[in-house]
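Chemist: Okay, here's what each chain looks like letter by letter:
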Amino acid sequence: MTSQTANQPRQAPVATPYLEVSDLRVTFPTPDGAVTAVRGLNYSLPLGRTLAIVGESGSGKSVSSMAVMGLHDPKSTRISGSIKVGGQEIVGMSPAALRKHRGTGAAMIFQDPQSSLHPYFTIGNQIVESYRAHHAVSKRAARERAAEMLNRVGIPNPRRRLDSYPHEFSGGMRQRAMIAMALVNDPKLLIADEPTTALDVTVQAQILDLIQDLQRDFGSAVVFITHDLGVVAQVADDVLVMYAGNAVEHGTVRQVLGAPLHPYAWGLLESLPAVSGEPAPLHPIPGSPPSLLAVPGGCPFHPRCEFRDRVPGAMCTTVAPDLVARTADPAHTSRCHLPAPDRVFASEILPRLP
Amino acid sequence: MTEPLLRLDNVAMHFRTKGDGFLARRNQTVQAVDGVDLTLAAGETLGLVGESGCGKSTTARLITRLLEPTAGRILVEGDDIAHLDERRLRPYRKEIQLIFQDPYSSLNPRHTVGAIVGTALRTHNLVEKGGELRRVQELLELVGLNPEHYKRYPHEFSGGQRQRIGIARALAARPKIIVADEPVSALDVSIQAQVMNLLESLRSELGIAFVFIAHDLGVVRHFCDRIAVMYLGRVVEEGPRDGLYDAPQHPYTQALLSAVPDVGVVRGVPPRQRIRLAGDPPSPIDPPSGCRFRTRCWKAQDICATQDPALIERAPAQQVACHFAAPPAASLVAEAV
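Just so you know, the sequences run in chain order A and B. Going by the working numbering, the first residue of the first sequence is number 1, and it counts up by one from there. Going by the working numbering, the first residue of the second sequence is number 1, and it counts up by one from there.
The hints are simulated quantities; they were obtained by calculation from the structure and are not laboratory data. Not one of these hints is a red herring.
Taking beta-carbon pairs under 7 Å as the criterion, some of the chain B residues facing chain A (in silico): (1) E51; (2) S52; (3) A193; (4) M196; (5) N197; (6) L217; (7) V219; (8) A255; (9) D262; (10) V263; (11) V265; (12) V266; (13) R267; (14) V269; (15) L277.
Derived CB-CB ranges, DEER-like: (16) A:D342 - B:G130: 52 to 62 Å; (17) A:D342 - B:E156: 33 to 43 Å; (18) B:E138 - A:P296: 31 to 41 Å; (19) B:A71 - A:E168: 26 to 36 Å; (20) A:E278 - B:D37: 25 to 35 Å; (21) A:P296 - B:P270: 37 to 47 Å; (22) B:G144 - A:Q114: 29 to 39 Å; (23) A:D112 - B:D302: 37 to 47 Å.
So these bits of chain A aren't anywhere near chain B, every CB distance computed over 10 Å: (24) M66; (25) K75; (26) G81; (27) S82; (28) S115; (29) H118; (30) D163; (31) D309.
Quick caveat: nothing in here was measured; it's all calculated off a predicted structure. Here a beta-carbon is modelled for each residue, glycine too, at the ideal position from N, C-alpha and C.
Looking at chain A on its own, in the form it has when it is part of the complex (with noise of 0.2 Å):
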């Protein structure tokens, strides 16, 4: 039951990505005016490897991966850009080529398991539904599987269990269930929303060993969207920043959280009670995050900014900055004007930090 690890990361490989998505920006029309809840956002992820998307909401992360999914209604979404999975463009895919690509191509874990589960159906037909979906296989085989699923999702009596209605689960069981019926078809992309935000922490402690475990099984790509820091300190091998509809900062892991470029992405981190270390004083960002239907112009973190002075001109109102490398490493790029971010982070930003 005890047992010691320490956060080993992974070094970037050099691999094809799995998933490409390149100047994606969805937009809702609503009574108020068109919203655009993604404004070109562009990041590759390969196999094996996991992404974690962070950012408040309404910054856009869940819309761009229910895009991923190509799960937006046609009818009242504009989507344009590319979603690239395993080489299958997303964007403009037809309604059956988009069925057979959720499930295979990528399977997509919610937060909330309660309401995602249905509550009329058993554990096990909502898995066999699934599988049968893609494979031609008799029930008596899709049950088999569906058993085998649960039991390497850790669900005890998985035989029994199959029987079993939603509601007989508790939070924590449901969570896995909705895992095994993601990747009873062996996606290669596994796009999780905030899986562990209703659970409590003993059990979020389990989900999250549970996914980085079935990962290096089944060497998916995962897109692991959060708002919790700590969360992605234990689970991701890259981060990308959202704010506003776009990508603030990307890089690895220990680029992003250990030595950030980023003003906001310093806001993030000082605005967190540790629960090691020093305590320190919190040093929020102020304000709040922008309406989407009337983004700042320039950057559109500049009105709540305490750096943009530094930045000589007008330049943090008037010209967007793009998402480009600010320091020697080229992996680690960051969206603002602010001159030599890295000296500033180093010298007036960690220190405050617990």
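Model the placement of chain B on the given structure of chain A, informed by the hints.
Modeler: Frame of chain A; chain B shown alone:
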């Protein structure tokens, strides 16, 4: 010994569940809170932590007397308010105010901010005629809102601002105690820190005592002087912040702290000993005999099933309810990267 500001003495809250229709089971009792002792001194901050179903929110509702306990005493400066009727409770209601978790459902959408914050002033006759507006504006300013916005409705404010309205409402009665039930957990990280800083400055400026309930152990550590850890309706460990976080003695506290993912590990903060509990907490309808944690505890022996461990002082001011209480092994704590 002088009476503390607030004392819970062996308080219990058992709910009867009624079955309905043909699914009816026999009537059962949910032991949401079962024999809790807590004290709160003036100006002190007591944290209550634990997982869902541990009874922390029920405790909040007992302290504010939104629930009447089935056993035990709730003493406010020595007066037992456990079974007072509504009329006799009123003076105590003024002293103990509540801040809710959800800033959306805890404000009446059809009342203006001025009406929401002003209600307590009128109920308790706290202002002269005509002075209400000025006091409301003072309160709004105190919590960092624009005092001119008293005519607006809750939907015109963001989540963080609404939580500030809820805080202003709690402050209106000039309470001695504020019970804050997960006051920041519905907020985004950056907004959460703003509200925490506000609560902290109010505490130091106004000297209000807080009972602070949260599941986020970082938030509790940041805000509280003393912390009580609850499990299945009982307090299993209680003590000063540093003792509890640096040398937790109850296996459950150790597991809870170990389960919190810490962002500091990326910067080389040594990780905690890694403990993984199996399963979920048992149901409070039929709690395990003896120690309630024994079904998930790796230290459990026969005695744990038969003898209910009492809260005993194991370190200065740190009380633990465990037969095998011990600080985490030094070798494990020191295990740094």
